[in-house]
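Chemist: Residue numbers (numbering that gives the first Met the number 0), protein chains in the order written: chain F, 0 to 460; chain V, 0 to 460; chain Z, 0 to 460; chain W, 0 to 111; chain D, 0 to 111; chain X, 0 to 111.
It should be emphasised that the hints constitute simulated quantities derived from the structure, not laboratory data. Keep in mind that the hints are not guaranteed to be accurate.
Below, computed lysine-lysine pairings styled on PhoX-like, alpha-carbon distance capped at 20 Å [as the list claims (entries may be wrong)]:
1) Lys201(V) x Lys3(F)
2) Lys3(V) x Lys3(Z)
3) Lys2(X) x Lys2(W)
4) Lys2(D) x Lys2(X)
If you only want the chain Z side, here are some residues facing chain F, beta carbon under 8 Å, derived [what the hints assert, rightly or not]:
5) Met16
6) Phe19
7) Leu23
8) Val39
9) Leu42
10) Asn85
11) Ser89
12) Gly90
13) Ala94
14) Leu215
15) Leu361
16) His417
17) Gly418
18) Ala421
19) Tyr422
By construction, the Cβ of each residue, glycine as well, lies at the ideal position given by its N, Cα and C atoms.
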Amino acid sequence: MDNKVILDTIWVLVAAMLVFFMNLGFAMVESGFARMKNTVNILSKNFIVFAVSSIAFWAIGWGLMYGNGSGYFGAEGLFGLSGADNSPASGDAYAGVYSALSWATVPLLAKFFFQLVFAGTAATIVSGAVAERIKYLSFILFSFLLVAFVYPVAGHWIWGGGWLASLGFWDFAGSTVVHSVGGWAALAGVIVLGPRIGKYGKDGKVHPIPGHSMPLATIGVFVLWLGWFGFNPGSTMAADPTAIARIAVTTNSAAAAGLISSTIVAWVLLGKPDLSMTINGCLAGLVAVTAPCAYISVGSSLIIGTVAGAIVVFAVLAFDRLKLDDPVGALSVHLVNGVFGTIAVGLFAQDQFMPNTTGDGLFFGGGFGLLGTQLLGAAAVGAFAFVVSYAFWQILHNTVGIRVRPEEEHEGLDIGEHGMVAYPEFAPSPERYADPSLPRGPSSPSRALKSSAEVVLERKT
Amino acid sequence: MDNKVILDTIWVLVAAMLVFFMNLGFAMVESGFARMKNTVNILSKNFIVFAVSSIAFWAIGWGLMYGNGSGYFGAEGLFGLSGADNSPASGDAYAGVYSALSWATVPLLAKFFFQLVFAGTAATIVSGAVAERIKYLSFILFSFLLVAFVYPVAGHWIWGGGWLASLGFWDFAGSTVVHSVGGWAALAGVIVLGPRIGKYGKDGKVHPIPGHSMPLATIGVFVLWLGWFGFNPGSTMAADPTAIARIAVTTNSAAAAGLISSTIVAWVLLGKPDLSMTINGCLAGLVAVTAPCAYISVGSSLIIGTVAGAIVVFAVLAFDRLKLDDPVGALSVHLVNGVFGTIAVGLFAQDQFMPNTTGDGLFFGGGFGLLGTQLLGAAAVGAFAFVVSYAFWQILHNTVGIRVRPEEEHEGLDIGEHGMVAYPEFAPSPERYADPSLPRGPSSPSRALKSSAEVVLERKT
Amino acid sequence: MDNKVILDTIWVLVAAMLVFFMNLGFAMVESGFARMKNTVNILSKNFIVFAVSSIAFWAIGWGLMYGNGSGYFGAEGLFGLSGADNSPASGDAYAGVYSALSWATVPLLAKFFFQLVFAGTAATIVSGAVAERIKYLSFILFSFLLVAFVYPVAGHWIWGGGWLASLGFWDFAGSTVVHSVGGWAALAGVIVLGPRIGKYGKDGKVHPIPGHSMPLATIGVFVLWLGWFGFNPGSTMAADPTAIARIAVTTNSAAAAGLISSTIVAWVLLGKPDLSMTINGCLAGLVAVTAPCAYISVGSSLIIGTVAGAIVVFAVLAFDRLKLDDPVGALSVHLVNGVFGTIAVGLFAQDQFMPNTTGDGLFFGGGFGLLGTQLLGAAAVGAFAFVVSYAFWQILHNTVGIRVRPEEEHEGLDIGEHGMVAYPEFAPSPERYADPSLPRGPSSPSRALKSSAEVVLERKT
Amino acid sequence: MKKIEAIVRPHKVDDIREALLENGIRGMTLLEVKGIGRQKGHTEMYRGSEYQIDFLPKVKMEVVVPDELAQTAISTIIKAAKTGEVGDGKIFISTVDEAIRVRTEEVGESAL
Amino acid sequence: MKKIEAIVRPHKVDDIREALLENGIRGMTLLEVKGIGRQKGHTEMYRGSEYQIDFLPKVKMEVVVPDELAQTAISTIIKAAKTGEVGDGKIFISTVDEAIRVRTEEVGESAL
Amino acid sequence: MKKIEAIVRPHKVDDIREALLENGIRGMTLLEVKGIGRQKGHTEMYRGSEYQIDFLPKVKMEVVVPDELAQTAISTIIKAAKTGEVGDGKIFISTVDEAIRVRTEEVGESAL
Ligand SMILES: Nc1ncnc2c1ncn2[C@@H]1O[C@H](COP(=O)(O)OP(=O)(O)O)[C@@H](O)[C@H]1O
Ligand SMILES: Nc1ncnc2c1ncn2[C@@H]1O[C@H](COP(=O)(O)OP(=O)(O)O)[C@@H](O)[C@H]1O
Ligand SMILES: Nc1ncnc2c1ncn2[C@@H]1O[C@H](COP(=O)(O)OP(=O)(O)O)[C@@H](O)[C@H]1O
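Could you build the full structure based on these sequences and the hints that come with them?
Modeler: And the structure:
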């Protein structure tokens with residue numbers, strides 16, 4: 000077979016494996032940022048979500064996203080990859096129903112596998128934001144709906160040759176397609192679910208609920224950072240040496256810059272370099288550079304990462320002020336910086352890097368045209384993803400129910416939902432039990448109190 | 000050098016690295032499913048086992064497996080890769096003593112490295128099944144024997160051009176060669192060792208002994224899943240785009256299906272979605288698809304995974320009923336599903352995917368021929384691996400001894416075997432100490448009891 | 000584009016990603032070997048250090064290392080990769096200011112990314128040795144200085160076409176450039192910082208301070224071992240099948256041999272197979288084989304690994320005797336075995352493997368020439384790296400300060416430096432609190448003592 | 000002096016602590032315990048076998064107070080700890096012969 | 000009322016609990032403790048240096064019973080906890096002045 | 000017999016243990032506790048919100064001794080535990096009615 004096909008296939012598959020591995024990253028960041036008593040539940044969610052995504056994307060998602068159809072969704076070869084396709088034939092030689100990817104010179108199943116791991120990422124983003132209170136079953140069902148319908152439709156608009164693609168909207172590796180779609184779906188979930196019991200005091204005070212294991216969270220962020228070297232450079236879907244090398248460096252630079260800027264902002268603003276903020280900052284840089292990574296210089300990637308790292312700290316504080324309870328910072332990382340990264344294309348893109356794609360952005364003399372399209376795309380996808388997700392959450396809420404009972408939330412979802420605990424042999428710290436997850440304050444006035452207390456003293460003194 | 004050689008070598012080495020990484024996966028699943036007090040021991044075993052395998056396979060295993068010889072074992076170039084070999088020359092151009100792999104167009108050491116990581120996998124499978132009671136030294140010695148003699152002989156039959164290969168037995172990536180060989184060796188060990196103290200009550204009741212860390216187990220399963228993308232698609236030992244893309248997808252689909260079906264079966268059968276079963280179910284799907292992955296459609300892989308996920312739940316319950324104590328489910332995953340996967344080739348194979356190999360299986364009109372050969376191969380390898388392993392275990396039992404003393408088992412192997420503990424600064428939970436690993440019940444009747452108790456009251460009241 | 004460019008770029012980028020992943024490995028080994036109360040600090044250090052390295056190496060390090068200039072440091076294209084460069088053009092076709100890497104047929108940013116991850120490794124080595132007492136800020140500053148100045152200058156001498164390269168000094172993948180530079184910088188830090196409070200008794204007795212989590216350390220060593228398959232085989236910077244396959248096997252063999260020999264030495268010498276020594280032994284084998292990996296046979300790699308594994312055990316004991324407190328064994332692994340590996344080139348190199356490079360070493364009839372050069376190089380780099388690092392540490396010591404206050408060291412750096420703890424919900428073990436990190440013994444004589452105690456008895460009896 | 004040992008629901012600890020501080024009782028010690036009483040435990044499952052967790056997580060608070068403060072302390076704890084459901088816990092009162100403040104070697108009630 | 004504090008081997012806890020329940024003693028509280036007594040500790044090693052672990056893991060069970068049940072409780076515990084080896088533990092008995100059930104505010108023996 | 004409960008700084012445990020052993024007191028039990036007293040807690044931060052950690056880690060040592068050894072034990076503990084800074088801890092002394100050694104069923108002081 001043609002060398003280019005082999006080279007591109009190796010590259011795409013290796014990249015896909017790295018992106019697959021991000022599932023571990025998400026599982027670890029999210030379980031590290033959650034409480035001990037909900038650990039089995041989060042692990043279970045982040046484990047099953049990729050399996051559910053695999054089925055949902057195979058069954059219908061892929062077809063809706065990449066099947067030939069209208070500007071709004073795919074309509075051919077919808078189910079189970081069943082459409083005609085002669086990949087790796089490409090360009091004019093391509094004959095099949097998945098034309099939107101006809102430029103890629105890799106076999107159909109390589110395309111599918113690569114796109115699948117992206118779909119899985121969108122779904123796993125939701126898991127963290129709705130953690131510590133959602134029913135296991137309803138999370139599974141929502142994940143299926145997201146990957147089967149919401150993600151592929153939005154994806155069709157941009158990567159499937161749909162209306163946004165036609166308008167000249169560019170999202171190289173998915174700041175919008177993956178991260179902000181996941182983020183909007185998460186936001187809808189957070190709103191419908193409400194905050195964890197005890198997170199926000201009646202006085203409006205925020206009661207922090209520290210995650211139970213910083214080492215797990217750190218494992219997670221390193222694995223995600225690694226995975227992003229598949230996510231971004233892999234999105235060439237071709238082993239183009241100059242492009243993949245540049246994208247590897249812009250990706251890394253944005254991560255580094257986001258990590259450092261979030262650390263500095265937290266240090267200055269909050270007094271201490273909070274590791275959980277640093278972790279979010281690194282991820283923020285990565286999410287923000289995802290859309291522009293191929294179109295920008297290394298210098299621009301450093302700026303984008305720096306801004307993203309600062310944004311994420313303020314976003315975390317802001318969501319708390321809005322009483323939108325997101326235990327892991329998924330909204331601040333994926334939604335806010337997904338949008339920022341999309342806009343950054345309009346600001347930092349340079350025609351020289353990928354000629355005949357974005358053209359120049361605002362800061363490089365290209366005017367407001369690209370920026371406008373990016374804003375429009377971010378808004379349109381946001382509106383669609385949020386509204387449909389909201390509807391799905393409401394439907395689940397009114398059928399199977401989405402939130403566990405308060406007693407179960409207090410006792411921990413691990414026992415309630417899974418009948419097991421994550422660390423059966425470790426003793427919990429006594430005062431940390433004093434979590435804010437049950438209503439506080441004196442209960443019903445105690446009629447018999449005085450007498451009983453008196454009795455004690457009478458009898459003894 | 001020829002592009003094909005370069006491409007194939009890159010692919011084989013990257014795949015080998017992923018398979019190597021499965022050692023971490025096994026270490027984490029197994030230590031997560033073991034108790035705190037045996038954690039250092041399990042980590043040590045799963046760490047040293049790959050080193051021992053590396054030496055054993057280099058010293059003799061490789062030669063026995065791939066050296067030219069009879070249909071039963073290799074006889075040329077036995078020791079230290081010392082035979083003549085002009086790889087990457089291949090096919091007719093190949094001149095050397097390792098002809099069985101002469102079809103692969105990669106250098107000798109690439110072949111060796113790739114085969115080595117498979118040998119290591121077989122050995123590490125044993126570790127989990129014999130955990131929490133085996134002597135460190137005897138585990139090391141058994142691992143050496145397994146990789147030096149048992150694994151390569153069985154491997155020679157199938158991958159080394161031996162008698163099973165001649166009969167038309169197909170095991171693409173090692174459901175039989177790797178997983179069920181490891182599983183049979185583990186079963187022999189479990190029988191010779193006996194169950195952990197306290198696991199089975201005199202009444203026949205099963206006392207569950209929960210693993211100490213679900214996060215570690217979850218890290219492990221994700222790493223294994225990743226590694227399987229090297230294990231299966233890498234077993235092409237050539238960068239054949241269509242094949243490797245398809246195998247990546249069949250592998251992933253079976254994992255996803257096994258994960259979901261085991262979850263559902265556990266949920267329905269046992270009342271809760273047990274994460275430890277879900278982890279086993281995912282691995283079961285992966286093991287089962289290992290033999291057929293290249294010969295089947297994506298649809299078949301989903302069916303195979305679904306069945307494997309269900310099998311594993313029943314197998315776990317069954318082994319407990321048989322009082323075969325396997326702390327991590329290695330028998331249910333690797334032995335049972337290794338056999339099932341081997342049989343699945345006979346059922347689901349389709350000639351179209353790898354022409355001139357399997358032909359069609361039973362479900363695709365190929366009749367019972369292939370199925371019969373697969374059953375024969377599974378049985379023959381099982382008999383050989385079990386009997387020889389059993390003999391090795393017995394020899395070790397009667398020389399260095401294989402089981403730690405009961406007091407050491409109770410106190411934990413970490414202190415007894417390694418003089419250290421895994422988590423010196425964490426407090427254990429008091430009631431979880433109440434483990435079943437020491438004999439229960441009232442001890443010798445207490446003669447002085449009544450008097451002493453009386454004294455108390457007499458003196459005080 | 001030319002197939003060779005594509006192949007080499009894929010290989011270099013995949014290798015670079017694996018080396019990047021070693022940051023997780025270091026983070027886990029080092030946090031596993033540290034105490035619970037300093038875990039957030041170590042994680043933070045090992046997380047931010049790669050970001051700082053990324054900036055420092057981009058800003059100036061790369062130019063100093065690979066810019067055309069004198070034999071001592073680069074002088075052209077110093078800042079921000081700003082020099083002219085027409086990579087992937089190579090050899091005579093190359094035109095640019097980074098001639099030292101003109102042999103590599105990959106784009107500039109692929110070269111940069113690969114070299115960057117090596118620079119980051121040198122910096123992260125320091126983290127472990129100075130753990131549990133260094134100020135977060137001063138560690139960040141030192142890392143910047145190391146990667147901006149110390150590492151690239153030493154690197155220029157060897158890999159940048161400098162004076163050691165001209166003399167015929169060979170260090171294939173960086174036993175000297177990376178590991179011993181990192182090790183010498185760490186040694187200087189350990190000396191300036193002094194040991195952790197309580198590590199060495201007044202009687203000269205060593206008080207062991209066990210690490211808090213062996214599972215984390217084990218995760219780390221597996222990830223490092225994996226990463227080394229990028230580190231060594233990747234250092235070809237070209238997809239040369241025979242070389243990369245051989246290097247993969249020599250690397251693996253040395254790791255396996257080091258792992259086993261350190262285990263045996265510890266078992267025999269200390270009575271138990273200490274997992275922490277086994278981990279160090281594996282890493283020692285890897286570090287030692289890093290310089291010679293491409294120039295030696297598999298047999299030699301087994302010998303080198305075996306020796307390295309023994310060396311590391313004695314080195315750990317020796318550093319403790321010298322009261323050089325290195326919580327994770329970084330000096331024994333990276334410094335001592337970095338030097339040993341460099342020397343091993345002079346002993347074990349064989350011309351046949353990389354013709355026209357090293358020639359034969361002492362044990363293969365090449366005489367003392369190569370050995371002499373290797374010794375000279377190891378010494379020169381050691382002197383330079385140690386002296387300059389020492390100066391930097393002293394400057395930091397006299398400006399921002401490098402060591403936390405004793406009370407903070409006692410309470411843990413997590414609260415002092417970061418205002419958070421790693422495991423807020425886990426109860427610490429009471430007697431393990433009894434750590435030696437605060438001065439022992441009776442405090443000021445208690446004047447009122449007798450009276451108060453008497454009162455008790457008087458009043459009660 | 001009286002030693003009050005209150006075995007309470009873990010999530011009530013903060014309320015009790017605040018209530019005690021409000022009532023001027025500034026010293027207390029907390030222990031993580033597991034308890035069996037009337038409150039039912041729960042069932043966990045692992046790999047297909049169920050097992051009963053009888054011991055429930057509780058927190059034991061120990062407060063040593065002068066005799067005259069005992070009533071206040073007890074009333075305060077009861078008020079803050081009560082939910083009315085089974086498992087609210089127990090309070091045991093016993094006599095302490097002497098108390099000493101290590102730092103100053105003060106003895107008796109002034110040491111509290 | 001008597002408070003019985005039994006410091007026992009951790010793995011005997013289940014037996015003791017069952018024996019107590021069989022004898023109608025339904026309330027007890029468990030604490031994870033470390034003990035020094037006659038039983039020798041063990042040596043651990045880390046990176047070439049040995050150190051002595053003197054404190055052994057034990058579990059302390061606290062049971063408050065009416066005076067008339069004290070003898071039964073003690074006998075039951077001894078019977079279930081004994082192995083005859085050094086390290087079987089100790090039982091300390093002391094007097095509790097009062098007991099209160101938080102939920103109902105019952106006092107005295109009926110609160111147990 | 001007296002029960003001495005000393006709530007001390009965790010890092011003083013080793014000194015106290017050694018001092019007690021030197022004075023012939025060979026039995027003791029250790030508990031991990033959290034304490035509130037005069038010593039101030041500290042502030043932690045998580046994701047931008049501060050929270051107060053009031054409970055400080057302490058270790059409670061329980062030593063039961065014959066009456067005549069109580070003074071020695073107390074003096075020894077105070078000497079080893081004192082730093083002079085707030086937070087050195089408290090010692091509470093109470094009366095134990097009886098002690099039993101489980102292994103031998105010895106009672107009284109000989110059981111200690
Ligand atoms: N007799 C007892 N001795 C020691 N601790 C007890 C005793 N009875 C109850 N407890 C402790 O008190 C806790 C709460 O008691 P429980 O009977 O469940 O609540 P309630 O007082 O509402 O009936 C138990 O979990 C146990 O820790
Ligand atoms: N005087 C004491 N005060 C408090 N606890 C004690 C005392 N003596 C023993 N203990 C506790 O009892 C446990 C068992 O005591 P040990 O002397 O080892 O057993 P034995 O009673 O068989 O001689 C010790 O580990 C310790 O926790
Ligand atoms: N009244 C009390 N009852 C029970 N425990 C107390 C009491 N007062 C203090 N403590 C315990 O003693 C520890 C030290 O007390 P603290 O007041 O901080 O020290 P100091 O004695 O130096 O003033 C506290 O953390 C707490 O655990």
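Chemist: All hints, please: hold or fail.
Modeler: So, going through the hints one by one against the coordinates:
Note on Lys201(V) and Lys3(F): the hinted pairing is violated, with a Cα-Cα distance of about 66 Å set against a maximum of 20 Å. Restraint check for Lys3(V) and Lys3(Z): satisfied, since their Cα atoms lie roughly 12 Å apart, inside the 20 Å limit. Taken as a hint, the Lys2(X) and Lys2(W) pair is honoured in the structure, with Cα atoms around 13 Å apart against an allowance of 20 Å. For the given pair, Lys2(D) sits about 13 Å from Lys2(X) by alpha-carbon distance, which is consistent with the 20 Å threshold.
Interface restraint check: Met16(Z) against chain F, minimum CB-CB distance 5 Å, threshold 8 Å, status holds. The beta carbon of Phe19(Z) is positioned within 8 Å of a beta carbon in chain F (closest approach about 6 Å), and the interface hint is therefore held. Given hint, Leu23(Z) at the interface with chain F, holds; its Cβ is 4 Å from that chain's nearest Cβ, closer than 8 Å. Look at Val39(Z): its Cβ gets to within about 5 Å of chain F, closer than 8 Å, so that hint holds up.
Checking Leu42(Z) against chain F: minimum C-beta separation of about 4 Å stays under 8 Å; hint holds. Interface hint at Asn85(Z): violated, since its Cβ lies 12 Å from the closest Cβ of chain F, which is beyond the 8 Å cut-off. With its C-beta approaching chain F no nearer than about 12 Å, Ser89(Z) sits outside the 8 Å limit, and its interface hint is violated. With its C-beta approaching chain F no nearer than about 17 Å, Gly90(Z) sits outside the 8 Å limit, and its interface hint is violated.
About 16 Å separates the beta-carbon of Ala94(Z) from the nearest beta-carbon of chain F, more than 8 Å, and the hint is not met. Taken as an interface hint, Leu215(Z) checks out: its beta carbon lies about 6 Å from the nearest beta carbon of chain F, inside 8 Å. Using the Cβ-Cβ criterion of 8 Å, the hint placing Leu361(Z) at the interface with chain F is not satisfied: the shortest such distance is roughly 40 Å. Here the hint on His417(Z) is kept, as its CB sits about 6 Å from the closest CB of chain F, short of 8 Å.
For Gly418(Z), the interface hint holds, since its Cβ comes within 8 Å of a Cβ in chain F; the closest pair sits about 4 Å apart. Because the closest C-beta pair between Ala421(Z) and chain F is about 4 Å apart, less than 8 Å, the hint holds. Look at Tyr422(Z): its Cβ gets to within about 6 Å of chain F, closer than 8 Å, so that hint holds up.
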